[in-house]
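Participant: Here is how the chains run, residue by residue.
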Amino acid sequence: MTSDTDTLVAEDPITGEQIDLPADVEVGEIVDSPVTGTELEVISLDPVVLEEAPELEEDWGE
Amino acid sequence: MRVGVLYSRIRKDEKLLLDELRERGHEVAKIDVRTERFGLESTTVAVDDLDVVVDRCLATSRSLYATQFIDSYGVPVVNSPETGDVCADKAKNSLALAEADVPTPATEVAFTEEAALEAIESFGYPCVLKPVTGSWGRLMAKIDSRNAAEAILEHKETLGHYEHKVFYVQEFVDKPGRDVRVLAVDGEPIAAMTRSSDHWLTNAAKGGQTASFDLDERATELVERASDAVGGGMLGVDLMEVGVEPEADTAEAGVEANDDGAPDDYTVHEVNHTVEFKSLDAATDVDVPARVVDWLETKAAAAVDGAVTP
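Protein sequences, first through last, are from chains L and E.
The numbers in my numbering rise by one with no breaks, and the one at position 39 of the first sequence is 39.
The numbers in my numbering rise by one with no breaks, and the one at position 78 of the second sequence is 78.
Simulated from the structure, these hints should not be mistaken for lab results.
Watch out, some of these pointers could steer you wrong.
As the list claims (entries may be wrong) - Calculated pairs, EDC-like style, for lysine to aspartate or glutamate (alpha carbon to alpha carbon, straight line, at most 20 angstroms):
#, chain 1, residue 1, chain 2, residue 2
1, E, Lys-12, L, Glu-41
2, E, Lys-278, L, Glu-39
3, E, Lys-15, E, Asp-32
4, E, Lys-12, L, Glu-57
5, E, Lys-206, L, Glu-57
6, E, Lys-165, E, Glu-113
7, E, Lys-15, L, Asp-32
8, E, Lys-206, L, Glu-39
9, E, Lys-12, L, Glu-17
10, E, Lys-30, L, Glu-51
11, E, Lys-30, L, Asp-24
12, E, Lys-30, L, Glu-41
To be verified - Simulated coverage check for chain L against chain E, where a stretch passes if three residues somewhere in it have a Cβ under 8 angstroms from a Cβ of chain E:
#, region
13, 27-41
14, 50-58
Where is the CB? At the ideal position from N, CA and C, for every residue including glycine.
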């Protein structure tokens, strides 16, 4: 769902609230919930679906 | 060129890279390793269409296996699985640096609590205990006393994954409140920054403050040698300055080493193979993703030339 040319709107999976996302967001991208600060992963773009991002694992890093 | 990007998480770093690739008109295939399968002869990834694959996996385990499979299909992948294998393991990393005569902190590996305690006592206090895999300063211990050593070793022995029973013990380097991160491509520095903190861990991921840093001739040489030691590629080379008194340094982020606070030398403590660069991009005047893509273009061109030249 597009609210205007600069943002997309999606449902925060934690709170159920509608949140704005940058229009250039892409699948796999991590965004922070503006409400809870939770990391959310963009699962799809049409429609925009967010899920709580995976938790940090021990072998993550550089 | 057609670029495959192995990933499971698009962070700011990957976003910068993807944006730069697309702005230059390159075709980008995002490869979410969580949804693909890698067989001995073939894969669900459309690798035949790709000129080069860039490994941006956040999970080291996925990075190591995925690059090895991609390489087995004859598709150029950066960094190579060989480089990843060395860089992903601190013990292998230390050995490679030492074998190349790159100054690196004194290190011992031991496999039991008793032997690890002997190693710790031989270094004296403080010294450092690190997991052989892992990043961002996680689970690193600066050990200040025998009591602390015994407790940490017992915890690791009791609670840890088997890799935590590989005790990697290292001398504590009394760095001047900061270390140096260099992003290099096949040994050529792209950008460098200091990471400063009052805490002994100065990783940017731990909140260390970053500032641009000008490499001197010695540091430049060591970056090239460290890169060669692990097989080259796009790497994050971490150095500590040796012989700089904390008072003379620069505890303030952003002040470069000068005649008053110039280091006697450097020691290379780590080379990272899936290097993050958003902090470098922000801390320096260098357009880091542009330089990275410049390098990728040369890698892809070389691969194409190699494919058509007998």
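Participant: Would you mind marking each hint as holding or not holding in the structure?
Facilitator: Hints, one by one, checked against the model:
1. Lys-12(E) <-> Glu-41(L): 13 angstroms, holds
2. Lys-278(E) <-> Glu-39(L): 18 angstroms, holds
3. Lys-15(E) <-> Asp-32(E): Distance of about 14 angstroms is within 20 angstroms: holds.
4. Lys-12(E) <-> Glu-57(L): 19 angstroms, holds
5. Lys-206(E) <-> Glu-57(L): Holds, at roughly 16 angstroms.
6. Lys-165(E) <-> Glu-113(E): Judged against 20 angstroms, a Cα distance of about 8 angstroms means the pair holds.
7. Lys-15(E) <-> Asp-32(L): Given that 20 angstroms is the threshold and the Cα spacing comes to 15 angstroms, the pair holds.
8. Lys-206(E) <-> Glu-39(L): At roughly 18 angstroms apart (the allowed maximum being 20 angstroms), Glu-39(L) and Lys-206(E) satisfy the hint.
9. Lys-12(E) <-> Glu-17(L): 24 angstroms, violated
10. Lys-30(E) <-> Glu-51(L): Status holds; Cα separation ~19 angstroms.
11. Lys-30(E) <-> Asp-24(L): 15 angstroms, holds
12. Lys-30(E) <-> Glu-41(L): At roughly 15 angstroms apart (the allowed maximum being 20 angstroms), Glu-41(L) and Lys-30(E) satisfy the hint.
13. 27-41: holds (count 5)
14. 50-58: With 4 residues close enough to chain E, the hint holds.
Checked against the numbered hints given earlier, this structure breaks only hint 9.
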